[in-house]
Each structure stands twice: as C-alpha cells, then as structure tokens.
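Trainee: Sequence:
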Amino acid sequence: MHRLRRLRKSPALRELAAQVRLNLSNLVMPYFVSPGKKLRQPIKSLPGIFRLSGDELLKDVEGLKRSGINAIILFGIPRDKDDKATNAYDEKGIVQRAVASLKKNFPDLAVVSDVCLCGYTSHGHCGIIKAGHKPAGSGLPSDRQSHQPAGSGLPSDRQSHRLEVDNDETLKVLAKIALSHARAGADIVAPSSMMDGQVDAIRRGLDANGFEDTAIMGYSAKFASNFYGPFREAADSGMQFGDRKSYQMDFRNANEPLREIEADIQEGADIVMVKPALAYLDIIVRAKEKFNVPIAAYNVSGEYSMVKAYCQKPETRSQKPEAEKELALEILTAIKRAGADIIISYWAKDAARWLK
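According to this note's numbering, the sequence shown holds residues 1 to 356 in order.
Any given hint could be a false lead.
Stated by the list, open to error - Computed list of lysine-lysine pairs in DSS-like fashion (alpha-carbon distance at most 27 Å, straight line):
no.	residue 1	residue 2
1	LYS325	LYS59
2	LYS349	LYS320
3	LYS172	LYS245
4	LYS176	LYS130
5	LYS245	LYS176
6	LYS320	LYS38
7	LYS38	LYS104
8	LYS65	LYS356
9	LYS313	LYS325
10	LYS65	LYS37
11	LYS104	LYS65
12	LYS84	LYS130
13	LYS313	LYS59
14	LYS37	LYS9
15	LYS59	LYS92
16	LYS92	LYS38
17	LYS325	LYS84
FYI, nobody ran anything at the bench for these hints, they're computed from the structure. It should be emphasised that the depicted structure is a prediction, and the values quoted were computed from it without experimental measurement.
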C-alpha cells in the first residue's frame with residue numbers, strides 16, 4: 001500500500017511538501033484612476049475597489065508598496081469621450097498624468113498601463129467604428145438597429161451599411177496611446193483591444209521614438225467573456241450597442257488562443273496574457289507548456305465579485321468568517337499552479353496581508 005497521506009498529516013509536513021507557493025512578486029494590483037482630487041469612490045460591483053483621483057492613487061500605492069507588492073496596472077476613466085478616443089492619447093490625459101506622478105514618487109514601482117479605446121470612446125467599443133458590409137451575426141448591429149444620436153460621429157440610421165470595428169485604423173490609435181504612456185514613464189504597455197497586429201504596430205511605434213526598452217504585455221488570449229461585467233461598470237466602458245465577439249475570442253475554442261499568443265510573440269510581445277483566468281486554466285497550462293515567455297493571467301472582476309457576493313451573505317459571515325481569504329488564496333494558487341508567472345488580481349492587496 002502506498003500511504004500518500006503521510007505527507008499530509010501535519011501543517012509542517014504539508015508546507016514542506018507544497019509544490020506551489022504564491023509570492024507577492026507574482027501579483028499585480030489593478031487601479032482605476034479618475035479626474036479630480038480627494039476622490040475615493042466605491043465601485044458597487046467590485047466591493048473593496050475604488051475609483052481614485054491621482055492624489056488618492058499615490059496614497060494607496062504607497063500602502064501597497066509597504067505591503068510588499070510592487071506592480072500595478074492602470075485603467076483611466078476620462079471626463080470626456082468621443083468616437084475617436086482622442087483623450088486616450090492626450091499627453092495630459094488621466095493615465096499619462098497618473099503614470100508620470102507614480103514614477104516620480106515611486107521610481108522602482110513597476111507600472112503597467114492598459115492600452116485600449118473602450119473607456120474613451122462614446123460607443124464603448126475597443127476600436128474605431130466605420131460603416132462597412134459586416135456579415136450577420138458579427139456582434140455589431142446594422143445602422144437601422146443602432147439608433148445613433150445626432151453628432152455621435154457614427155453612421156446614421158438612414159445609411160444601409162453595417163457598423164464594424166476598423167482594425168487597421170484602430171492600430172494607429174493604439175500606437176499613439178502606447179507611445180503617450182511610454183513618454184509618461186510606463187514600464188509596460190498592455191494592449192487589450194484584440195486587434196490583429198496590435199503588438200507589431202505598438203512595437204514599431206515605440207522603437208521609432210526611442211522607447212526600445214518599454215515592454216509590451218499583450219492581452220493575447222482574451223476571450224469574449226461574461227465575467228467582465230463588474231469591470232465595465234468600474235471603468236465606465238460599457239457598450240452602447242452590439243458586443244465584442246467579432247474581435248474577442250470565442251470561449252469554446254482551445255487552439256485559437258495559442259495562435260493568438262504565437263502571433264503576439266512573433267510581433268514582439270515580452271509577456272502574454274490569458275484573460276479571464278479561472279475558467280481558462282486549461283489555456284494557461286497549454287500556453288506555459290508551449291511558449292517560453294512569461295505568462296500573465298487576469299483574475300477578472302466577475303471571478304472576484306462572485307466570491308465577494310457569497311462571502312457577504314450573513315450565513316457565510318457567521319459560519320465561515322475566513323471564507324474570502326480561503327477562497328481567494330485557493331483561486332490565486334490554482335492560477336499559479338496552472339502556469340501563470342504574473343497574476344493581475346483585485347485581491348492582490350488583501351493577499352499581501354493574508355500571506356504575511
């Protein structure tokens with residue numbers, strides 16, 4: 001008989017034999033930065049997470065660093081939006097100013113900036129919208145369905161074309177956004193639009209302007225997921241029409257994400273990401289086995305919020321007060337066990353406390 005329980009009989013032996021351990025160096029904390037001062041606005045769909053003004057962000061990051069976590073990812077919430085996402089690449093934009101301030105105050109902080117259009121466009125899509133002949137089922141409505149307001153910059157209802165995200169025009173904007181973030185001091189830019197060729201366009205733009213050392217973390221395997229809902233409230237990036245299924249990946253596919261990852265690596269990605277994480281551990285495993293680059297995984301808002309909802313139930317709080325800690329650490333450990341080298345999680349700050 002093989003007595004495999006021998007190494008499970010005490011906490012000391014279990015700790016000695018454990019194969020996977022979470023480290024604070026694995027964790028990245030997401031932040032949502034807003035205009036204004038002394039703003040600390042709770043996000044209802046993400047309990048414990050806030051929209052912060054730049055001054056409050058500095059205070060929070062100072063505490064984060066004291067806890068032992070030294071990496072963050074920034075999402076901007078602009079005051080104004082338009083159909084071309086012009087505020088996304090404004091040198092004095094919300095993210096650009098936040099990055100510059102963070103790097104001035106915490107030079108050794110690893111700052112990742114999200115590079116996308118959805119939070120800056122009036123329509124909420126991740127790219128520039130144009131009139132085209134989009135096939136039925138694309139996820140974007142025909143103009144007769146869209147009912148765009150006058151002055152929106154989008155095709156009118158009277159036009160017979162369909163709306164589509166213009167991949168190549170979006171690449172130009174993504175390159176501008178990434179360059180503006182690099183100029184502000186971002187260590188890593190993270191394109192999340194899922195446009196074909198986005199890493200190549202950004203790498204070329206950075207290199208041509210003297211930012212050869214700015215790294216790229218591609219949202220390479222980003223699925224069209226139902227787990228993003230709370231984030232879209234947090235980042236004010238909900239869509240006015242349609243969905244993102246014509247550019248984010250179908251969750252039924254297992255080979256397609258590997259092709260996306262391979263393409264991003266060939267285009268110059270230094271880190272590749274799987275998003276979401278918890279429902280896509282198999283993709284993380286396959287990516288780790290196939291590619292010799294750091295693998296990031298995003299423990300997304302829906303994964304976080306469903307645990308929060310369970311743990312806030314009165315019966316859970318009374319019967320199992322440590323439930324959130326136990327569930328969160330199990331989830332984060334599973335993501336690392338699957339092969340993730342970097343984990344972006346809304347629990348990062350809490351995990352620092354729990355792990356100590």
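Trainee: Tell me the numbers of any earlier hints that the structure contravenes, in ascending order.
Mentor: 6, 13, 14 and 17
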